[in-house]
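Chains A and B supply the protein sequences, listed in that same order.
First residue of the first sequence? That's 1 in the UniProt record's numbering, and the numbers climb one at a time after it.
First residue of the second sequence? That's 1 in the UniProt record's numbering, and the numbers climb one at a time after it.
These are computed hints drawn from the structure, not numbers from a lab.
Among the hints, a few may not be true.
Using C-beta positions, here's what the derived DEER-type ranges look like [unchecked claim]:
no., chain 1, residue 1, chain 2, residue 2, range
1, A, E34, B, K81, 55 to 65 Å
2, A, E34, B, A184, 34 to 44 Å
3, B, E176, A, Q107, 28 to 38 Å
4, A, Q41, B, D103, 20 to 30 Å
5, A, N193, B, E76, 28 to 38 Å
6, A, D212, B, D103, 31 to 41 Å
7, B, G27, A, V137, 30 to 40 Å
8, B, E207, A, Q41, 47 to 57 Å
9, B, G27, A, W14, 45 to 55 Å
10, A, E206, B, V217, 45 to 55 Å
11, A, G114, B, K142, 32 to 42 Å
12, A, K43, B, E178, 25 to 35 Å
Once the Cα atoms are required to be at most 30 Å apart in a straight line, the calculated DSBU-like pairs of lysine-lysine come out as [unchecked claim]:
no., chain 1, residue 1, chain 2, residue 2
13, A, K43, A, K55
14, B, K62, A, K144
15, A, K144, A, K82
16, B, K215, A, K126
17, A, K43, B, K105
18, B, K187, A, K143
19, B, K40, A, K126
20, A, K56, B, K62
21, A, K144, B, K104
22, A, K143, A, K133
23, B, K105, A, K55
24, A, K29, A, K82
25, A, K133, B, K62
26, A, K133, A, K213
Source: prediction; values computed, not measured.
We put the beta carbon where it would ideally sit given N, CA and C, even for glycine.
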Amino acid sequence: MEEQRSKVTLHGMWISTYSKRVEIALKLKGILYEYVEEDLQNKSESLIQLNPVHKKIPVLVHNGKPVAESLVILEYIDETWKNSPRLFPEDTYERAQVRFWVSYINQQVFEVMGQVVFQEGEAQAKSVEEARKRVQVLEEGLKKHFPNKNIRENDDVGLLEITIIATFGAHKAYREALGVEIIDPVNTPTLYNWIERLQDLTVMKEVEVPRDKLVNFLQNYRQKLLQQAASA
Amino acid sequence: MANEVVLLDFWPSMFGMRTRIALREKGVEFEYREEDLRNKSPLLIQMNPIHKKIPVLIHNGKPVVESSIQVQYIDEVWSHKNPILPSDPYHRAQARFWADFIDKKMYEAQRKVWATKGEEQETGKKDFIEILKTLESELGDKPYFGGDDFGFVDIALIGFYTWFPAYEKFGNFSIEQECPKLIAWVKKCLQRDSVAKSLPDPEKVTEFVSMLRSKFVPE
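Bound-form chain A, shown alone (with noise of 0.2 Å):
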């Protein structure tokens, strides 16, 4: 019944960029945890149970309760498993810092991104130009406030590090998928350089999505969406 009760659960999902951070910090932190994948089309009781408010993913179930919202997820396993690495730096300012900019990625970046996959056109060029200077804000960012960051092992990943890798990590595939670039070693070095570390550790290459398989679900969601639009 004790491992019952300790026992750690994260219902996600293997597209998602949510369920993706989450699973990086379990893994970051040596935690051992049960996967269940759901289905976002036809969603099951247990996670409607889990989740009424939102019925989304991730969900962490720890000791029987469920976490819910990848951020809070997270926060809630730095509180409680307190071994390295620390998601959170020590220096309440500095994590001030951290969140602000998890916030301007979670909210002004990533939905733009979005929106490029299923435009085309005009509204697509605009969208990529927005999301690229927004990108270039987050390159200034990262350059002013954290600028002798090194990433060369786990200990170096927290919660900035993991947003990035999980949103902007496919970037690459999403160039292949979409023939749109919004970041390059030339415009945006920062960034891509980190992306580039955070690549080669292999907590990373454990939860990545293979090239293909992203590019295929990549093309052909954007195909459905863009269909979609046409018949309505």
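Got chain A; can you put chain B on it based on the hints?
Here is chain B on its own, set in the frame of chain A:
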């Protein structure tokens, strides 16, 4: 080191109210500076160049932006009194979840109630009431969202109360009728000094919203 705290704010902002309350809960002396959002001060633009929005908390010259981030920051810096987040990680997660719910859902929904009309407004009103009912159900019979102690979720929500008469006026409904427990919770929060000092007169807010509405909904 002397603590110099400045808050750049706009009096009817339900987000600014959160930060005011948090500072007062902790007994922090601060300088309140009113911003004219049609004519933003150089300091605001310097301290929040990315969003150029209020509230901005400036602590010893360094800016912290976004109200939820500010409240957590205040709780962590002045940790010696009136904790805003509970100590248990699971309860903290619950508090963060509900504050996030309010952040994600309340603003857009309430906006539809006063800034639109006709069918859009009707739909907006239904959504808004449903959100309030979800919150009321989460509150249950507890004195505050976190239980016995005033905290993070209460702070996240209470500012919206000053806009309630405006919603009721333009949406043509009674919040007390729809969510009596929520109104009881409001009255309890208002008894707290930090809240009473930080909230503007709802009548003045209604006047302000009236003026705003006339820009969005020409009659």
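Taking the hints in turn, this is what the structure says about them:
no., hint, result
1, A:E34 / B:K81: 55 to 65 Å, "violated, 41 Å"
2, A:E34 / B:A184: 34 to 44 Å, "holds, 42 Å"
3, B:E176 / A:Q107: 28 to 38 Å, "holds, 33 Å"
4, A:Q41 / B:D103: 20 to 30 Å, "holds, 27 Å"
5, A:N193 / B:E76: 28 to 38 Å, "holds, 31 Å"
6, A:D212 / B:D103: 31 to 41 Å, "holds, 38 Å"
7, B:G27 / A:V137: 30 to 40 Å, "holds, 36 Å"
8, B:E207 / A:Q41: 47 to 57 Å, "holds, 48 Å"
9, B:G27 / A:W14: 45 to 55 Å, "holds, 49 Å"
10, A:E206 / B:V217: 45 to 55 Å, "holds, 54 Å"
11, A:G114 / B:K142: 32 to 42 Å, "holds, 37 Å"
12, A:K43 / B:E178: 25 to 35 Å, "holds, 28 Å"
13, A:K43 / A:K55, "holds, 8 Å"
14, B:K62 / A:K144, "holds, 14 Å"
15, A:K144 / A:K82, "holds, 28 Å"
16, B:K215 / A:K126, "holds, 28 Å"
17, A:K43 / B:K105, "holds, 22 Å"
18, B:K187 / A:K143, "violated, 47 Å"
19, B:K40 / A:K126, "holds, 28 Å"
20, A:K56 / B:K62, "violated, 37 Å"
21, A:K144 / B:K104, "holds, 29 Å"
22, A:K143 / A:K133, "holds, 16 Å"
23, B:K105 / A:K55, "holds, 15 Å"
24, A:K29 / A:K82, "holds, 9 Å"
25, A:K133 / B:K62, "holds, 25 Å"
26, A:K133 / A:K213, "holds, 29 Å"
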